[in-house]
Amino acid sequence: MALVAETTRTRAIGSLGLGWLFGPLAILFVAFLSVPLIALAWRGIESGDLSEQMTSAFVLDALRLSAITSTFTLLIAIIAGTPLAYLLARRDFPGKFIVEVLVDLPLVLPPTVAGVALLVAFGRRGVVGEYFDDAGLNIAFTTTAVILAQLFVSAPFYIRTAKAGFQSVTPEYEGVASTLGASPLRAFWRITLPLAWPSLVAGAILCWARALSELGATLIFAGNFQGETQTMPLAIISAFESGKSIDVSIALSLILLAAAAVMLLLLRVVTRTAPVRM
Amino acid sequence: MFGRTTLSRIAVAQLLATTLAFAACGDDDDPPEPTSGPSVAATQGPATQLPGTEAPLATGDITVFAAASLTSAFEDIGTAFEAANAGASVTFNFAGSPSLRTQLTEGADADIYVSADTNNMTQALEADLVVDEGVIFTQNRLAVIVPTDNPANITTLQDLSRDGVKLVLTQPDVPVGSYARESLLKMQAEGSFGATFSDDVLANLVSEEPNVKAIVTKVQLGEADAGIVYVTDVTADVAADVTIIEIPDALNIIATYPIAVTTNANNVAAAEAFIAFVLSEDGQAILEQYGFQSAE
Chain Y
140 MALVAETTRT
150 RAIGSLGLGW
160 LFGPLAILFV
170 AFLSVPLIAL
180 AWRGIESGDL
190 SEQMTSAFVL
200 DALRLSAITS
210 TFTLLIAIIA
220 GTPLAYLLAR
230 RDFPGKFIVE
240 VLVDLPLVLP
250 PTVAGVALLV
260 AFGRRGVVGE
270 YFDDAGLNIA
280 FTTTAVILAQ
290 LFVSAPFYIR
300 TAKAGFQSVT
310 PEYEGVASTL
320 GASPLRAFWR
330 ITLPLAWPSL
340 VAGAILCWAR
350 ALSELGATLI
360 FAGNFQGETQ
370 TMPLAIISAF
380 ESGKSIDVSI
390 ALSLILLAAA
400 AVMLLLLRVV
410 TRTAPVRM
Chain A
1368 MFGRTTLSRI
1378 AVAQLLATTL
1388 AFAACGDDDD
1398 PPEPTSGPSV
1408 AATQGPATQL
1418 PGTEAPLATG
1428 DITVFAAASL
1438 TSAFEDIGTA
1448 FEAANAGASV
1458 TFNFAGSPSL
1468 RTQLTEGADA
1478 DIYVSADTNN
1488 MTQALEADLV
1498 VDEGVIFTQN
1508 RLAVIVPTDN
1518 PANITTLQDL
1528 SRDGVKLVLT
1538 QPDVPVGSYA
1548 RESLLKMQAE
1558 GSFGATFSDD
1568 VLANLVSEEP
1578 NVKAIVTKVQ
1588 LGEADAGIVY
1598 VTDVTADVAA
1608 DVTIIEIPDA
1618 LNIIATYPIA
1628 VTTNANNVAA
1638 AEAFIAFVLS
1648 EDGQAILEQY
1658 GFQSAE
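Residue numbers (the working numbering), protein chains in the order written: chain Y, 140 to 417; chain A, 1368 to 1663.
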């Protein structure tokens, strides 16, 4: 799947017929995608005093927690995911197919399923969590649980994109580097990594965006408590549940919308320098 | 571990159900238009039927937005109502009372709103979402629940304030969360629990769940040490997994449930018939079967 950066060669308007046919449908769909976002912004402007909402402890706590957890998630995904992505791109090993499926599964799995799976694995009565509990380690209802939930659903975005990036680097370059005396690690660090860099950054942005938007798994596995486990998406749903005013939900949504827009922009900038495949 | 498998499986299924319902609550804004046939207009006549009197058969679809604590009882009432009115069909949307109110504010299509407190109903009336403040049709009370194996060894209400207990409630805007906090204040005021009892207990709060059913699930799974729920939430399915610690009447809060027709109701006649059915002996019997108390 090619992403963003491929140069689009617009065909001369020779085939007008198709344009007439597809144009209106395309316009309808663009409207469908843009109307909710415009409505969100409009309601935000209409409510006026959103700055007050945006600086409330409720919103700031959620903002802080989201920033911290998604950053940790991203760091873990990069540190642990890069070697895996490299091995998947370069080596054949028994069970590779199974590993690939495992990495891809969270992409298509509903996050609520991820939440239940994490709970029955790492919860207090979970298959593994039982032993953690005996050792005095508690994960459920903690910020750690939030990070685990985010990592489970978002790391695959990084690993997939990084793997494709490594695959796009010709292995011969590493070979040449080692004949010139570079150690394998040095060849990886000086040759492969810089060449795969745009993919790694694109993967990191996608991973971060997914971590930031994580809701279902967090709610089930980590619970919902201001300052501890209540990230931005959970705060949106809590504000909605409180029935007070939808303004808080709108304020939080606008912040996440802005963050998403910035990330897409970054993605555009990164992928402009080199094509990125997923 | 294997002994718990079946229980955990049920609990997990319920967890999925409550969370999915919770996650989906935003999507409910646009249920299909009720296919009210022409006969509906004909049945529009007497408002609320008195219990026991011969009611004209209700027809058409109605959508009922009801507090999550009513889930099991209202599902049964819905079935009984449909059995008594062959032409009628009831669709439920169960969630926390304020969440339902937000959905109504944003234009969700419902014929009836049922709140677990008068506060949310009053706010709904002020926002012109319901035609009147409704009828109080049933009552409920609170209880503390702990997992059967009781990991935090909670045997009295006083134990809730012990350091390190993992307590789960809802946020204060959801009726059960507000009632629970009121009850804690009553305990504190009573004297023997200590002057800071309420604060000490709330310091143990680890999660504010979306609705009361989610509290039950977290306790049932043993993830939380204790929760404060309605006595009616300890249904037959749950009873084996949790132990109840009763809250004496003097310290308890009586939850009152009002039911009202919404301003945008598509099928007022059937909505009123449904409310009459809830108030009827049959309806009240089903509620009592689930542990609700009849409203005086």
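These aren't lab readings, by the way, just hints derived from the structure by calculation.
Each residue gets a CB set at the ideal place from its N, CA and C atoms; glycine is no exception.
Please note that the accuracy of each hint is not assured.
Residues from chain A that keep clear of chain Y, each with C-beta distances beyond 12 Å, as calculated [what the hints assert, rightly or not]:
(1) Thr1469
(2) Val1573
(3) Ile1621
(4) Glu1648
Simulated coverage check for chain Y against chain A, where a stretch passes if three residues somewhere in it have a Cβ under 8 Å from a Cβ of chain A [unchecked claim]:
(5) 255 to 268
(6) 371 to 382
We went through each hint and held it up to the structure:
1. Thr1469: The claim breaks: A/Thr1469 does not keep its Cβ more than 12 Å from every Cβ of chain Y (closest is about 5 Å).
2. Val1573: At roughly 4 Å from the nearest Cβ of chain Y, A/Val1573 sits no farther out than 12 Å, so the non-interface label is violated.
3. Ile1621: Check passes; 22 Å lies beyond 12 Å.
4. Glu1648: holds, 33 Å
5. 255 to 268: Three-residue rule met by the stretch 255 to 268 of chain Y, so holds; n is 7.
6. 371 to 382: holds (count 6)
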